[in-house]
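Going down the list, the protein sequences come from chains A and B.
Counting from 4, one number per residue, gives the positions in the first sequence under this note's numbering.
Counting from 218, one number per residue, gives the positions in the second sequence under this note's numbering.
It should be emphasised that the hints constitute simulated quantities derived from the structure, not laboratory data.
Among the hints, a few may not be true.
Said to hold, decoys possible - Label pairs and their computed distance ranges (CB to CB):
#: 1; chain 1: A; residue 1: Glu10; chain 2: B; residue 2: Thr350; range: 22 to 28 Å
#: 2; chain 1: B; residue 1: Thr323; chain 2: A; residue 2: Lys122; range: 49 to 55 Å
#: 3; chain 1: B; residue 1: Asp395; chain 2: A; residue 2: Glu10; range: 24 to 30 Å
#: 4; chain 1: A; residue 1: Gly39; chain 2: B; residue 2: Leu348; range: 40 to 46 Å
#: 5; chain 1: A; residue 1: Arg123; chain 2: B; residue 2: Glu357; range: 36 to 42 Å
#: 6; chain 1: A; residue 1: Glu107; chain 2: B; residue 2: His253; range: 50 to 56 Å
#: 7; chain 1: A; residue 1: Arg118; chain 2: B; residue 2: Glu357; range: 32 to 38 Å
#: 8; chain 1: A; residue 1: Thr104; chain 2: B; residue 2: Ala338; range: 27 to 33 Å
A virtual CB, placed ideally from N, CA and C, is assigned to each residue, including glycine.
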Amino acid sequence: MKNDKPESREEMALDALLAASLRQPEEAPVTDEEIGVFSESKAPLSEEAKAALKHIGPDAVRRLVLSQDQAETTEMDDVASAPLYAAMNRKNAAGQHNPKTEEELENKRKEILARLRQKRGKDKK
Amino acid sequence: MSTTIEAIRFDEDVVKLGLMGNDPEREQALESVYEHYSQDILRFLERKLPGLPTDLGVNAMLDAFKALNEEVLAHTFDYDKPLRNWLIRVARNKGVDELRRISRRTLGNSEFFDTVGECLANTEVGRQWRLYTKTRAANEIAQEFRDFLLTLPPVQRQVGQIMADSFPDAIPEEEICDEIFRRVGKRPTVVQVKSAKREIRKKFKGILNK
Chain A
4 MKNDKPESRE EMALDALLAA SLRQPEEAPV TDEEIGVFSE SKAPLSEEAK AALKHIGPDA
64 VRRLVLSQDQ AETTEMDDVA SAPLYAAMNR KNAAGQHNPK TEEELENKRK EILARLRQKR
124 GKDKK
Chain B
218 MSTTIEAIRF DEDVVKLGLM GNDPEREQAL ESVYEHYSQD ILRFLERKLP GLPTDLGVNA
278 MLDAFKALNE EVLAHTFDYD KPLRNWLIRV ARNKGVDELR RISRRTLGNS EFFDTVGECL
338 ANTEVGRQWR LYTKTRAANE IAQEFRDFLL TLPPVQRQVG QIMADSFPDA IPEEEICDEI
398 FRRVGKRPTV VQVKSAKREI RKKFKGILNK
């Protein structure tokens, strides 16, 4: 490095590590193990974050989802009103999916229900 | 508020069934997930990205819920995945995007880490760090430093983030003040910036020498 004074080089090395400590978590993908370690840490939420959550309110997600749903309905209405789209998709009425997707979802639903029954069975014992 | 057993005992499987249900069921399920996980997601973002301004962290967290709703509606969500981990990953990625958007970085990723290596070479700090990497303590030290940054007031916290973003350049305190104002809308004094820089370096040195 350009700076040859030993004290300056040590300080530069310290700044390098400091910068790397902040930049490194951006690079590595988040692993389940890392999330597990984080969960055990129980680090508190900062006061500003608590205030921000309070500010947006407990219904923040409901508002977000409703606006997304409305946007999607409007978009679908626009697309579906086009004659060519209607001619091409007569089998897919609004809100319905192709049979394969429906079947996969149904299987997943059954799988989850079975898992829940099993859990409840264990709880009762 | 609902007082059913399901509402009291949060279960990801119950919520997943809700997500697969009709519109009101999906909305209720999302609300339940939000109530249960929003703080966890924000805590994760704060610990990993302490220089991300809080409002942007909240946006990243909400974006993750938006992405979940989109995937559920498009039937592309993989119900085998744990919801919380999925949300945390998406929020972290959104948070990193936000942080990069607001930062004016001197170096790109590969150059940055090469320069870090060059700065550490033939120094006592570098020698110490190599020892820590061998014992896997390096990640814990980095986390301890990020946790320390979180204890600073938000404006001073930005000093650390700006030092990291501008590395290896040492930008003048006045410019740091301007940059903080640009990022969080509050302008610290030069004295506050100097004091924060001093404290940040002192603390990091202390953590390294433990």
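Inset, instruction - Compare the structure with the hints numbered earlier in the document and write down the numbers of the violated ones, lowest to highest. - result: Violated hints (numbers, rising): 4, 6 and 8; every other hint is consistent with the structure.
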